[in-house]
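> Each chain, written out:
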Amino acid sequence: MPALLELKQISKRFAAHCAVADVSLSIERGQFFSLLGPSGCGKTTTLRIVAGFETPTSGEVWLNGTRIDPLPPYQRNVNTVFQSYALFPHLTVRENIEFGLRRKRVSGCAARVAKVLEQVRLTGKENRKPNELSGGERQRVALARALVLEPEVLLLDEPLSALDPQLRKQVRAELKDLQRRSGITFLLVTHDQEEALSLSDRMAVMNAGVVEQLGTPREIYQRPKTRFLASFLGAMNWIGGVGVRPECTRIARQPNGNGSRRGRVTRSVFLGSSMHVEARLESGDMVLAQVAASSDAYREGETVHVWWNSSDELRFPD
Amino acid sequence: MKRGLAVYAIAVYAFLHLPLLILAIFSFNASKFTLWEGFSLHWYRAALADPELVESALNSLMIAASATALATTIGTLAAYALWKRSSTWLAGSLYLSLVTPEIVTGVSLLAFFQWAFRFLHWKLGMHTVILAHVAFSVAYVVVVVMARLRTFDPALEEAALDLGADEFGAFRRVTLPYLGPAVAAAAMLAFTVSIDDYVITSLVAGIDSQTLPMTIYAMARRGVNPMLNAISTMVAVVLGAMVLISERLRSS
Amino acid sequence: MLMTLAVPSAIVCAYSLLSRGAYGGVERPWTLENFRLLADPMYLRIFFRSLWMAAAAAVLCIGLAFPLALFIARSGRRKNLYLSLVILPFWTSFLIRIYAWMFLLRDTGLINTVLRAAGLIRQPLPLLYNDGAVLLGLVYGFLPFAVLPLYATLERLDPTLLEAAADLGAKPLEALFRVTVPLCAPGIRAAAILIFVPCLGTYLASDLLGGSKTILIGNVIQNQFTAARDWPFGAALSVVLMMIALALMWAARRQGEELV
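Protein chains in written order, with my numbering: chain A, 1 to 318; chain B, 1001 to 1252; chain C, 2001 to 2260.
Just so you know, the hints here were simulated from the structure itself, not pulled from any lab data. Idealized CB from N, CA, C, for every residue including glycine. There's no promise every hint is true.
Said to hold, decoys possible - Away from chain A, derived, C-beta distances all over 12 Å, residues of chain C: (1) Leu2044; (2) Val2059; (3) Leu2088; (4) Thr2113; (5) Tyr2129; (6) Asp2158; (7) Thr2160; (8) Glu2163; (9) Cys2184; (10) Ala2228; (11) Arg2229.
Stated by the list, open to error - List of simulated lysine-lysine pairs, DSSO-like, C-alpha gap at most 27 Å: (12) A:Lys169 / A:Lys104; (13) B:Lys1002 / C:Lys2079; (14) A:Lys176 / A:Lys115; (15) A:Lys129 / A:Lys104; (16) C:Lys2171 / C:Lys2079; (17) C:Lys2079 / A:Lys104; (18) A:Lys104 / B:Lys1002; (19) A:Lys129 / C:Lys2171; (20) A:Lys169 / A:Lys125; (21) A:Lys104 / A:Lys115; (22) C:Lys2213 / B:Lys1002; (23) A:Lys125 / A:Lys176; (24) A:Lys129 / A:Lys169; (25) A:Lys115 / A:Lys125; (26) A:Lys115 / A:Lys129.
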């Protein structure tokens, strides 16, 4: 199947620095795709290039078999949910949602607005102004305003970052649900790894303007290609040049065969569902083990033994 | 659209600046007419030698200096009082006085003075002009100082009180230094509105208080006069230089 | 403050209800006669003409200022320079700025001289002493009052709103009229009041550029307090102007705006 959205060797240079360097991506129809990376990694610039707010210095953007990078934003069949939502403060919820339909002179406006309002559970609030809505409601208006145009790709720029953490988890589930039901392709930009891992069908991790790895969340988490990825996604112990995830690290008071190493507990933190035990090995390496909350409590300064399965080791060429 | 806007902006700037520039250029014209006949300082010499012009300029300076000193003091204290205890009523009347047509302010003050003269045996003159100028420029001072006070942290004054300063000391040592630049800008503004005013001044002036704008008006009424070009240029340059200097002081 | 603002206004209100004195000034009895005189068709005509002129000046100023304010708001680091270029002529007195136009517009002024020298006209064009010249003077004098509030609102406008408009399919002009202009409504209202009210009482522009043909309410008031010596009637006219200013201020306050 040909890709719906394709970025071919996109680069974007601002005055002195290179925000995006030679990024190529292809996204298939109906996918939930995420761009994950630390702030300043170029993920938002990439999204803005797809939306048409930035012109790439070099490279091409193809949507559904048409080259779109020379087109202005208003001629592209993609829509954006902005980080700040960018709702028009002078218009009501209904007028905000109708805005795009009216620009495109679509008929049957009212029915489509009613449908999308129901989808995002805002029926009955159509005559409110944005400043009369809660944060969660505003986020849903932003979604509805973009979704009502049935774009080929919906671009989401950190759509959950303005919500409080409690709400964020709930909205995350709703977002995934909405994507499945609508069948629209989503391109999400986020710096929150949990968000990217839990939502995406496929994802790309970016760092310093380049795509470090492309794949399913599981592939990237379990088989990171670079040291950056291994440390950026989840926690990682580095012992003698080898990476081991804390949840794969075992710890006990007695040694376990020849493979275990001796160390001294420096800290033990109870986290409710699990426990984090931190120890300094005789080699000087610090190691973190995540163990079940029901296991024994360790005291500071206690001698312990640490080991892991060699299949859980991650090795990187330097 | 961007280029169109830039071209438009140039046209509007030309509209704003060209008339005054042309006036300035022709003030150096040797001829009495609108035809260029060579560079000359004749009209400047004539203007500076005119006793009526010099006297009215001196009057204007005197009035503007006294009115500025009074209006700045009263306006700064009023802004401070308004900041301490906000009063929508007072703030409203302030904005009102800023937009009220000058002619209405002028006749109000004239009527006020005439009414006051029933009790005081005064006549219209220099003092009424100064009082009138204080009255209309106070509002400008309050607005400028208020804008600065909005960014002032009341905790700073409380800190001064906490450290042993009395209320006057806190105002003098903490609040006033913070307001310094705004007070200077307000004084500048008061000075320019005072020295520029014609409409109000002409209504409340007496025989001894002919100001420069009144002289300019009388000359303009009689028609275009090359001496007037020279005076206008001098006034514009002096005021412009004052504004630039005060901007420098404020930014440094 | 009270002394300088409220008391004189109160006295004018009182004067407007008194009778004309023998040698100027005012006398009792109290009367509404001055306001009745306002209904005279001649004064009504002058009043409507003043209203029309002030409204035209406000509309023209705002229309001319909007693209300029947009230009300044979008010009990055040079903003302050461009803004001071707008304010600069404002520091020269209104009187001198009006005189500069007399110099350009009169029969032997620069424009007519140049046109005649170029052979385009034989008789000088009657540019000065008409309504058009007065309007020009008002627009020239009050343009900065429109640029500043418009610039202030445009400056605060969130640029992502324009990106959102483009994203939803609005072409640049559509975005301008559907998003930028409506969101500038507070600036437009502030500019309208800052220009309309002072223009309504304009005196200098109509006196110097309009000549004897263009008499506006400001000139009538001035005349009543000086040559005509009918203070109560002049006071009544002033009261009406004050009422209009007050009503507009009150309307603006209800919209919850700051004017300066």
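> For the pair supplied as a hint, Lys1002 of chain B and Lys2079 of chain C, is the alpha-carbon distance within the 27 Å limit?
15 Å, holds
> The output says Val2059 of chain C does not contact chain A. Does that hold with a beta carbon cutoff of 12 Å?
21 Å, holds
> Against the 27 Å threshold, does the CA-CA distance of Lys169 of chain A and Lys104 of chain A hold or violate the hint?
Status violated; Cα separation ~34 Å.
> Does the alpha-carbon distance linking Lys115 of chain A and Lys129 of chain A stay inside the 27 Å limit?
19 Å, holds
> So is Arg2229 of chain C really clear of chain A, every C-beta pair being over 12 Å apart?
52 Å, holds
> Say whether it holds or is violated: Thr2160 of chain C keeps its Cβ farther than 12 Å from all Cβ of chain A.
For Thr2160 of chain C, whose nearest Cβ neighbour in chain A is about 4 Å away, the distance does not exceed 12 Å, so it is violated.
> Take the C-alpha atoms of Lys129 of chain A and Lys104 of chain A, compute the straight-line distance between them, and say whether it is at most 27 Å.
23 Å, holds
> Since Leu2044 of chain C was said not to touch the interface, does its Cβ keep a gap of more than 12 Å from each Cβ of chain A?
The assertion about Leu2044 of chain C holds, with a minimum of 38 Å to chain A.
> Compute the least Cβ-Cβ separation between Glu2163 of chain C and chain A, then decide whether it is above 12 Å.
Contrary to the label, Glu2163 of chain C does not stay out of reach of chain A, its closest Cβ about 5 Å off (not over 12 Å).
> Is it true that the CA of Lys2079 of chain C sits at most 27 Å from the CA of Lys104 of chain A?
Between Lys2079 of chain C and Lys104 of chain A the Cα gap is close to 35 Å, so the pair fails against 27 Å, i.e. violated.
> Can the restraint linking Lys129 of chain A and Lys169 of chain A be considered satisfied, given a maximum Cα separation of 27 Å?
Roughly 26 Å separates the two Cα atoms, so the pair holds.
> Checking one constraint from the list: CA of Lys104 of chain A to CA of Lys115 of chain A, max 27 Å. Satisfied?
18 Å, holds
When each numbered hint is compared with the structure, violations occur for hints 6, 7, 8, 9, 12, 17, 22.
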